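K.L.:
Chains as they are written, first to last, in my numbering: chain W, 1 to 450; chain X, 1001 to 1172.
Hint data in this document are derived by calculation from the structure and do not stem from the laboratory. Quick caveat, the model's predicted, so the values are computed rather than measured. For each residue, glycine too, the CB sits at the ideal point set by N, CA and C. Keep in mind that a hint or two might mislead.
As the list claims (entries may be wrong) - Computed cross-link-like contacts, DSBU-like style, restricted to lysine-lysine with a CA-CA straight-line distance of at most 35 Å: (1) LYS322(W) with LYS63(W); (2) LYS322(W) with LYS1027(X); (3) LYS1081(X) with LYS443(W); (4) LYS1089(X) with LYS63(W).
Said to hold, decoys possible - Reference excerpt, derived from the structure (chain X facing chain W, CB under 10 Å, subset only): (5) TYR1029; (6) ARG1051; (7) PHE1105; (8) LEU1129.
Stated by the list, open to error - If you want the ones that stay clear, here's a sample from chain W, every Cβ over 10 Å from chain X, calculated: (9) LEU42; (10) TYR55; (11) ARG97; (12) PRO272; (13) ALA307; (14) TRP314; (15) LYS322; (16) ILE372; (17) VAL399.
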Amino acid sequence: MSVATSRPPATPTYGDVNRDVIATLRTPGPLYFAWMCIVGLLLTCFFLAWSYQIYVGMGAAGKRTPQMWAMYITTFVFWIGIGHAGTLISAVLYLFRARWRTSIYRAAEAMTIFAVMTAGLFPMIHAGRVWFAYFLLPYPNQRYLWPNFKSPLVWDVFAISTYLSISTVFFIVGLIPDIAALRDAATGWRRRIYSMLCLGWEGTDGQWRHYRRAYGLLAAFATPLVLSVHSVVSWDFAMALVPGWHSTLFAPFFVDGAIFSGFAMVLVLVLPMRYFFNLQPYITPRHLDAMAKLILVTGLVLTYFYACELFTSWYSGDHIEKASLFWRLTSTYAWALATMYFCNCISPLILFWAPARTNPVILFGVSVLVLIGMWFERFNIIVPSLGHDFYPYSWGIYVPTVTDSTIIIGSFAWFFLLFLGFIRVLPSLSVVEVKETLPPPMKDVVDGHH
Amino acid sequence: MATTETVLGVFAHVDTTVRALEELRAKGYHDLTVYTPVPVHEIEDVLERDRPVSRVRIFTLIGSLIGLASAWLLTQWTSMKWDLVVGGKPAIGLPVSPPYVVIMFEMMVLFGGVATVIGMVVLGRLPRLRQSSSFDPRFTNDRFGVAVHCAPERGASVRDILRHAGADEVRA
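Start from the sequences, fold in the hints, and give me the full structure.
P.N.:
Printed below as a string of structure tokens:
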């Protein structure tokens, strides 16, 4: 690039970024409202099913011994896992200065918050008497009861609420300068709302100075948090003695699976967004390639963990552990295990083929398979393990019911309602961070490498 | 401060902005406000030369320590109030029971993170209810602004410096 004006058209200018991001907030077309109708319909079913369950009792959810934890906890762990990619992209990749994160991190962060909000519904749905959910909170009360802080379930309450709070804070901090950009392009009541939301941000040197420092510190905090959340979730299982759960492998195994499924969900959301909003200049094949590689790597690590899981069960010499494994591999739920192995171990292998990593259709297909596979992974950990523990008289088979299946499908509607709402009111592409990766406007460019 | 005048130069390029800043500092103008749509290294390098590191980190440290201490107190004190024997271990261990480390870590991150944001808001003088007079909406889009706060009689020379450095627009 010899002169600033002869910039190739593929590289947007600062002004282009503002224009293109603001364009995503225009009044949406009929396709959007059609989607919203489907989402709204599913969400209605969700609330009807939940009301029915509260009225009739937990039997409606197919819960009976031995599977007192079934699809709700499966889906809870699934959504918490989805919530990992956002903070991984926004914090870990920020600290590693991976510049490709800039154009996807906003959508990924929003996804994280909404996924954790979706996950947060499940302990309440699962607990049955939702109006007693406040029992989880530690506060001085007339019952003289305190939570057992030695229980992983209470750690989970702390880990997830901290994760939700810090992810939200991180998200809001990143939004402040962007909302200021929206404010300056808006008029009327929108302008007033944006002015309030951005706290009167002006982008002075003093503001940026503290902002950048604060952002770096938040990223440094969020990084160990990402690793801790799913580790704590995994200890909900690993600390119990149930064969198939009681393993030191669980924390890294869960964290890796979470990143794997999280990236798949990022692709499922970002690929249509890129297509409908014409964001190809910002979300380039390079970004798709980087995400595909991360899916491939975490998928291979997961395959290694599956092998370890089988090996340690066999090598432990523990009869009950081996019996549980054998039952899982050969009996009622073997099809679920096969689905998981296919989706998580085999399907990402196509990403070894370079053209597949930049092909949106193949990537979308692989991501959907990965999401299915990761849901089944959690199912395979929870349901068959509980169904085949130490005593034959407590063995049992769990069969899904219409109520719990509806609630699980409805949770996707809840998630998509939040996400589809978000992309229409807030910038789903970070104005500031995308600009930061562009060459800054120079009058006298000597070597084009500023 | 009725005796100060603010002169604003609007720039379209980073290198001209940096040139103006260098020139102003060489002439002894240090009361500057620089508006940028993004943080730019070249501009930061000029401005941060004689400034201490942002004090946000002190907020972070204090917040984290408060979080750590309150989680320690919460877990230890409630264990004394509601004495549950778990795994045959004493209700409280000193200095800390290993299971409580998880709670302490989470509370440290929570309090530290929130304190960091409070630090950013307080030190960045946010929220601002009214826009400052030298702000221009283009500064969140693709323009850079240098506002010089100086004595009224020096306004003319500041205008000269800004215009000479390559400002698109200079106004008071």
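K.L.:
Next, verify each hint and record whether it holds.
P.N.:
Results for each hint:
no., hint, result
1, LYS322(W) with LYS63(W), "holds (26 Å)"
2, LYS322(W) with LYS1027(X), "violated (80 Å)"
3, LYS1081(X) with LYS443(W), "violated (70 Å)"
4, LYS1089(X) with LYS63(W), "holds (33 Å)"
5, TYR1029, "violated (14 Å)"
6, ARG1051, "holds (8 Å)"
7, PHE1105, "holds (7 Å)"
8, LEU1129, "holds (6 Å)"
9, LEU42, "holds (33 Å)"
10, TYR55, "holds (34 Å)"
11, ARG97, "holds (13 Å)"
12, PRO272, "holds (28 Å)"
13, ALA307, "holds (29 Å)"
14, TRP314, "holds (28 Å)"
15, LYS322, "holds (26 Å)"
16, ILE372, "holds (31 Å)"
17, VAL399, "holds (35 Å)"
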